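**Q** One line per chain: the protein sequences are U and A, in this order. At position 142 of the first sequence (counting the first as 1) the number is 142 in our numbering, and the numbers step up by one without a gap. At position 268 of the second sequence (counting the first as 1) the number is 473 in our numbering, and the numbers step up by one without a gap.
Hint data in this document are derived by calculation from the structure and do not stem from the laboratory. Among the hints, a few may not be true.
[Stated by the list, open to error] Computed beta-carbon distance windows for the label pairs: (1) U:Glu100 with A:Gly450: 26 to 32 Å; (2) U:Leu137 with A:Thr403: 39 to 45 Å; (3) A:Asp302 with U:Ser91: 44 to 50 Å; (4) U:Leu70 with A:Gly261: 41 to 47 Å; (5) U:Ala12 with A:Asn328: 43 to 49 Å; (6) A:Leu436 with U:Pro104: 40 to 46 Å; (7) A:Gly423 with U:Ile46: 43 to 49 Å; (8) A:Thr403 with U:Gly170: 21 to 27 Å; (9) U:Glu8 with A:Asp469: 18 to 24 Å.
The structure displayed is predicted, hence computed values, not measured ones. Cβ coordinates follow ideal geometry from the N, Cα and C atoms, glycine included.
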Amino acid sequence: MMKGNLIEKTTAWERFNHWVLAVSFLILFFTGLGFLYQSLNWINTIFGGNHLASAIHKWTGLVFTLSLILTLGSYFGEAIRFTSEDSKWISSLGGYFSKEMEPPPQGKLNAGQKLFYLIVVVLFGATSAFSGFIIWLFPDSRGLILFAHFLHNISYVVFAFAVPLHIYLGTAANPGTFRVMTRGTVTAAWAKKHHGRWAKDMGIE
Amino acid sequence: MALETTEIKRRLSGVDVLTRKKGLLISPELCIGCRGCQTACKEWNKLPGDRTSNRGTYENPPDLTPNLYNKIRFLEVTGGDTVKWLFVSQRCMHCTDAGCMKVCPAPGALYRTAEGAVAFDRNKCIGCRFCVAGCPFNIPRYDQEGRIAKCHLCSDRIPYGLQPACAKTCPTGAIRYGDREELMGIAKEAGYKTVYGTTDLGGLGVLYAFRERPSYYGLPDSPSFSPTIALWKNILKPLALIGLGGAVAAAAAHYVTIGPKEVDEGGEE
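So here's chain U without its partners, still in its complex pose (with noise of 0.2 Å):
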């Protein structure tokens, strides 16, 4: 949808959605991390203690968990159409390392983009809001929770990897693209670069 000069690429739901999910997602991340350290649990001080940390990190787990499935209806469609243009873009890494390797015209979201979602999101998401459901309501069966608590920290570590890549690409890697997820229009030129087929569906020569 045009508006004016600018194009709509995420909706107002969307976005608060997105915003949702994320602030879920961070105050989860740093409970987490002041649990997981004991030199780093001066974190879950500013969070009222362990006892209140502790009591913060589930409920905003079930925040997670809700805006997780809710992001399903936004993404998870475009996500599994993998076409060549999908490879492509994986085959030059994006065009991330070097100027010459320019990926060909990406759909409304790339190749990264859409493993990203896949993988992160939506496989490690579940993963880490399941393992932490089962922490929270089963404590008394041992090999659950063993087995709930190694999936936990294995998720815990994809994100540890994965998150701090997508905030930067969403960020200062790719000026002009934070607006998608806070007024939610782009530039006919950002749409012409970064995601070149989505443009030209859009109606942009």
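Put chain A on the given structure of chain U with help from the hints.
**A** Just chain A now, with coordinates in the frame of chain U:
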């Protein structure tokens, strides 16, 4: 004054735990099953009785509870045409390499005393029960408020020169308190083949003088906690920080070397 000294000792703990370690020596063959230790423990720790029902055995209660830190298990072992009745004290083993302490996410909820025991601070416990999953002996219990409860080797007695309530009250010497090294010597001198806990889990604080295999007395032959705990502690945990630091550093390095993908807005405006 004395308390402050204990606090300082507690902070210094973790250094050469094994050489300073105090502990108990349990000799099932000396035990007469009087359960004075159960009672003395309850008395010192001000723990209420648990309502139980008759199960046709003198053993009572059937298992450790949040109000029972130390329990005598009654085992009937049949072999050939004889029956042996064994009394084995069950409680926290105060492992040197303690699975519970490894997984506990609330600093200070479980801590190492100056004497090498694993004590707890119920006010710091957040009730996650990871320690239950991490314990190779299934010892920690949770009270009604969801806080940990277990034997703490009378951490509020031994800094003051008293021995643990169970050892103090034991009339036969089946529970003996002292320096761990000394206790091992006593057991060997008495001619016991196996001193259970000598090397298990870095050396247990509770040693057992056994004539048979540990499993004969209802204890695991080679106690260990789940390998996922070591994998988590040694690999996943550091990897999380490396990942976080690495990803931030990689992003910064990318920004200043290759640089961002600028969009040329010139022609559009």
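**Q** So, for every hint listed, does it hold in this structure?
**A** Evaluated hints:
1. Distance hint check for U:Glu100 and A:Gly450: the Cβ-Cβ separation is about 30 Å, which falls inside the suggested range of 26 to 32 Å.
2. For the hinted restraint 39 to 45 Å between U:Leu137 and A:Thr403, the CB-CB distance of approximately 40 Å keeps it satisfied.
3. Distance hint check for A:Asp302 and U:Ser91: the Cβ-Cβ separation is about 48 Å, which falls inside the suggested range of 44 to 50 Å.
4. Against the hinted window of 41 to 47 Å, the Cβ-Cβ separation of U:Leu70 and A:Gly261 comes to about 57 Å, which falls outside the hint.
5. Remark: the range hint 43 to 49 Å for U:Ala12 to A:Asn328 is upheld by a beta-carbon distance near 46 Å.
6. Separated by about 41 Å at the C-beta atoms, A:Leu436 and U:Pro104 satisfy the suggested range of 40 to 46 Å.
7. At roughly 46 Å, the beta carbons of A:Gly423 and U:Ile46 sit within the given window of 43 to 49 Å.
8. Roughly 57 Å separates the CB atoms of A:Thr403 and U:Gly170, a value that falls outside the hinted 21 to 27 Å.
9. Taken as a hint, the range 18 to 24 Å holds for the pair U:Glu8 and A:Asp469, whose Cβ atoms sit roughly 22 Å apart.
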